[in-house]
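There are 2 protein chains.
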Amino acid sequence: MHYELYYWPSIPGRGEFVRLALEDASASYVDVGCEPGPGMGIRAIVGWLEDRQLGQPPFAPPFLKAGRLVIAQTANILLYLGPRLGLVPKSESGRLWANQLQLTIADFVDEIHDMHHPIAGSLYYEDQKAEALRRSGHFRKERLPKFLGYFENVLARNASAKGYAIGRAVSYVDLSLFQLMAGLHYALPKSMSGARAQHPRLHALHDRIAARPQIAAYLASPRRQAFNQQGLFRHYPELDA
Amino acid sequence: MHYELYYWPSIPGRGEFVRLALEDASASYVDVGCEPGPGMGIRAIVGWLEDRQLGQPPFAPPFLKAGRLVIAQTANILLYLGPRLGLVPKSESGRLWANQLQLTIADFVDEIHDMHHPIAGSLYYEDQKAEALRRSGHFRKERLPKFLGYFENVLARNASAKGYAIGRAVSYVDLSLFQLMAGLHYALPKSMSGARAQHPRLHALHDRIAARPQIAAYLASPRRQAFNQQGLFRHYPELDA
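Chains as they are written, first to last, in our numbering: chain A, 1 to 241; chain B, 1001 to 1241.
There could be a bad hint or two in this list.
Using C-beta positions, here's what the derived DEER-type ranges look like [claimed, not checked]:
hint : chain 1 : residue 1 : chain 2 : residue 2 : range
1    : A       : E92       : B       : H1002     : 16 to 26 angstroms
2    : B       : R1223     : A       : L54       : 48 to 58 angstroms
3    : A       : K129      : B       : K1141     : 45 to 55 angstroms
Taking lysine-lysine pairs in the DSBU-like style, the calculated list, with each CA pair at most 30 angstroms apart, reads [said to hold, decoys possible]:
hint : chain 1 : residue 1 : chain 2 : residue 2
4    : B       : K1065     : A       : K129
5    : A       : K146      : B       : K1065
6    : B       : K1162     : B       : K1146
7    : B       : K1065     : A       : K162
8    : A       : K141      : B       : K1129
These aren't lab readings, by the way, just hints derived from the structure by calculation. Even glycine gets a Cβ: it sits at the ideal position worked out from N, Cα and C.
Working from the sequences, and respecting the hints, build out all of it.
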């Protein structure tokens, strides 16, 4: 199967969780938003979003075209890709657990985004900076340790002790946890360094994923987009105080 | 199968999306948080959350105990229950579409919640009222019409023209859309009444679901909890101005 990934160019964003799974599995895919030429780029994304004939329209990117299917919502795309890319256990219980963890990652990501956009996505950061300062204080004290502690526990409680979230093998959840840790270190370097000793398994997982041959090759390629100030992980020093 | 639903008592909250599916299908279940007696109530919920032996811990309620499985995340619980309760199409593509819609409902619900809690879940509304006023203005003008317009479109584009979100039969997505419309009419009566003419299919779906025999019986029973000012749908007139 050849896949078409649709996601806004120039930010890693939520599309990156899908990209990492496709890259790790050496899947055949085109990153439509990032490609030049006819039928590619932002226009192609908007074309799908505005297509009034589409029976099952996506609400927003990312979405994946797989044959006749158009699948949206990051966790839903990974639910579909997981078994096809060998990145999730075969059992139904294993897949439900993977999906549960991915949805908790999605909740965490939403809160990370809203730290710099607590009022509206339509406003610039500078226009909601006072509220962002207030929200980020609560986020750093209450939510960051709660979510990181939860995922650290998940790794600790995996009886296989291989260092992965689920069972004995890497899953798309591990790839997403890698991206989460990388993004948090970009956005909140002080807070993350200060709490490093409390999350040894998450940091070890990050390094282990980064060293996987396909992921290492991807990270060194121009396909990997750097974190930046338009994405969901943003570094504003005042929010990391 | 006998199910155990774990969710905070005294608010409908996210647990209600699961409850409606169980009720519509006349499933055998106990609503653990709401029951008196030993092994029930909040203590039972907290017991699971604090169980350090649990290999696959939930991050937060709702979670569902089904035999040996403990499944968390609302959309994930419905992904599991859907086929077992006959509340989702049999095909993989139909299940993915249902899950995609349910995740978009979850995103909408998060934004509805954050309208009254834009800074922190740990603070009272009164301590973040200024920010809530600002966020709610953007929510009402930008997000409410965008999400409602999207779901109205989904109903309009379903080729079966039976008035359901997916195919020719009711699914758990329809039950969740019912709850969404009921909650929004509670929280934002002015805004919702003002926009009623723009969402005829969503309103018709609400009424059709409410009239289903099992749902009507449930809504008339003491098991149905009223919306209130502790839940995710809250009515603050100043946020509906």
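Evaluation of the provided hints:
1. Under the hint 16 to 26 angstroms, the C-beta atoms of E92 (chain A) and H1002 (chain B), about 19 angstroms apart, fit the expected range.
2. R1223 (chain B) and L54 (chain A) have their C-beta atoms about 39 angstroms apart, which leaves the hinted 48 to 58 angstroms range violated.
3. The hint said 45 to 55 angstroms for the Cβ distance between K129 (chain A) and K1141 (chain B), and at roughly 21 angstroms that hint is violated.
4. Of the supplied pair hints, the one linking K1065 (chain B) and K129 (chain A) is violated, its CA atoms being roughly 43 angstroms apart against a limit of 30 angstroms.
5. At most 30 angstroms may separate the alpha-carbon atoms for a hinted pair to count; K146 (chain A) and K1065 (chain B) meet this at roughly 23 angstroms.
6. Straight-line distance between C-alpha atoms of K1162 (chain B) and K1146 (chain B) comes to about 23 angstroms, which keeps the hinted pair within the 30 angstroms bound.
7. This hinted pair checks out: K1065 (chain B) and K162 (chain A) have alpha carbons roughly 27 angstroms apart, not beyond 30 angstroms.
8. Restraint check for K141 (chain A) and K1129 (chain B): the C-alpha separation of about 21 angstroms stays at or below 30 angstroms, so the hint holds.
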